[in-house]
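**Student:** Residue numbering for the sequence shown follows our numbering, starting at 3 and increasing by one per position.
Accuracy of the hints is not assured; some may be wrong.
Straight-line Cα separation of at most 25 Å, PhoX-like style, residue types lysine-lysine; simulated pairs [stated by the list, open to error]:
1) 127 - 168
2) 162 - 40
3) 59 - 77
4) 51 - 77
5) 127 - 169
6) 90 - 40
7) 163 - 141
8) 163 - 60
9) 127 - 46
10) 73 - 60
11) 40 - 168
12) 46 - 77
13) 169 - 40
14) 40 - 163
15) 177 - 40
16) 60 - 40
17) 40 - 141
18) 141 - 127
19) 40 - 77
20) 60 - 168
Keep in mind the hints are simulated off the structure, nothing from the lab.
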Amino acid sequence: MKKIKLLFLPIVALLITSCSSVRVMTDYDTQTDFNQYKTFAFYKTGIDKAQVSDLDKKRIMRAIETELSAKGMTKSATPDVLVSLFTKSRERININDNNVGWGVGYGWGWNPWMWGGANQLNVNKYTEGTLFLDIIDAKDKQLVWQGIGTGALSTSSVEKKDARIKKFVAEIMAKYPPNAKK
């Protein structure tokens with residue numbers, strides 16, 4: 003029985019890590035020179051429309067400010083770019099059927115014609131969130147860059163939620179500016 007439990011550990015680790023990653027996509031205007039942007043401000047009109055709590059908005063904005071400051075940009079009343087955000091969420095369900103047992107010619111492990119062993123069905127319900135970060139040229143009010151991060155959300159504690167939001171923003175902002183020298 004102890005061996006069977008040890009076989010499930012890699013499966014559980016895979017599920018935990020697959021839910022903890024943030025999938026990131028970006029799109030941008032290829033005609034824009036991103037080196038010209040040195041200052042930023044938040045686009046209040048866009049942020050007010052985001053369907054997320056005011057506390058989470060503050061967390062997201064603090065994380066964005068931290069990331070942009072680390073890139074050498076400064077917050078300004080007369081910014082080069084405006085930063086806006088949008089959020090979406092949906093409930094997701096993962097179902098995993100794990101057949102583990104002993105069978106002729108297979109040894110310990112998965113076996114479609116299992117003799118003995120264990121059949122375990124794992125159902126995992128979680129909320130998947132998507133965070134859109136928009137960089138808008140302040141002069142002509144045109145979208146020049148968009149980063150989109152999607153992944154499982156954490157609501158178990160304030161600390162975990164804060165860490166998850168920071169991870170979302172950091173992974174999205176790692177792609178800004180496009181073609182940046184690393």
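**Student:** Is residue 40 within 25 Å of residue 77, Cα to Cα?
**Tutor:** It holds: about 9 Å lies between the C-alpha atoms, which stays within 25 Å.
**Student:** Holds or violated: residue 60 with residue 168, Cα cutoff 25 Å?
**Tutor:** This hinted pair holds, its Cα atoms lying about 11 Å apart.
**Student:** Residue 73 and residue 60 were given as a pair; does the straight-line alpha-carbon distance stay at or below 25 Å?
**Tutor:** holds, 20 Å
**Student:** Given the hint that residue 163 pairs with residue 141, does the C-alpha gap stay at or below 25 Å?
**Tutor:** The hint is violated at about 35 Å.
**Student:** Compare the distance between the alpha carbons of residue 127 and residue 168 with 25 Å, and conclude whether the hinted pair is satisfied.
**Tutor:** holds, 23 Å
**Student:** Residue 51 and residue 77 were given as a pair; does the straight-line alpha-carbon distance stay at or below 25 Å?
**Tutor:** With a Cα-Cα distance of about 21 Å, the restraint between residue 51 and residue 77 holds, given a limit of 25 Å.
**Student:** Between residue 90 and residue 40, does the CA-CA distance stay at or below 25 Å?
**Tutor:** Not satisfied, since the Cα-Cα distance of roughly 29 Å exceeds 25 Å.
**Student:** Residue 40 and residue 163 were given as a pair; does the straight-line alpha-carbon distance stay at or below 25 Å?
**Tutor:** Given that 25 Å is the threshold and the Cα spacing comes to 30 Å, the pair is violated.
**Student:** Next pair to validate is residue 141 with residue 127; report whether the Cα-Cα distance is within 25 Å.
**Tutor:** violated, 44 Å
**Student:** Taken at face value, is the distance from the CA of residue 141 to the CA of residue 40 at most 25 Å?
**Tutor:** holds, 13 Å
**Student:** Taking 25 Å as the top limit, are the C-alpha atoms of residue 40 and residue 168 close enough?
**Tutor:** holds, 22 Å
**Student:** Given the hinted pair residue 169 and residue 40, is their alpha-carbon gap at most 25 Å?
**Tutor:** holds, 23 Å
Hints 2, 6, 7, 9, 14, 18, counting from the list given before, are not met by this structure.
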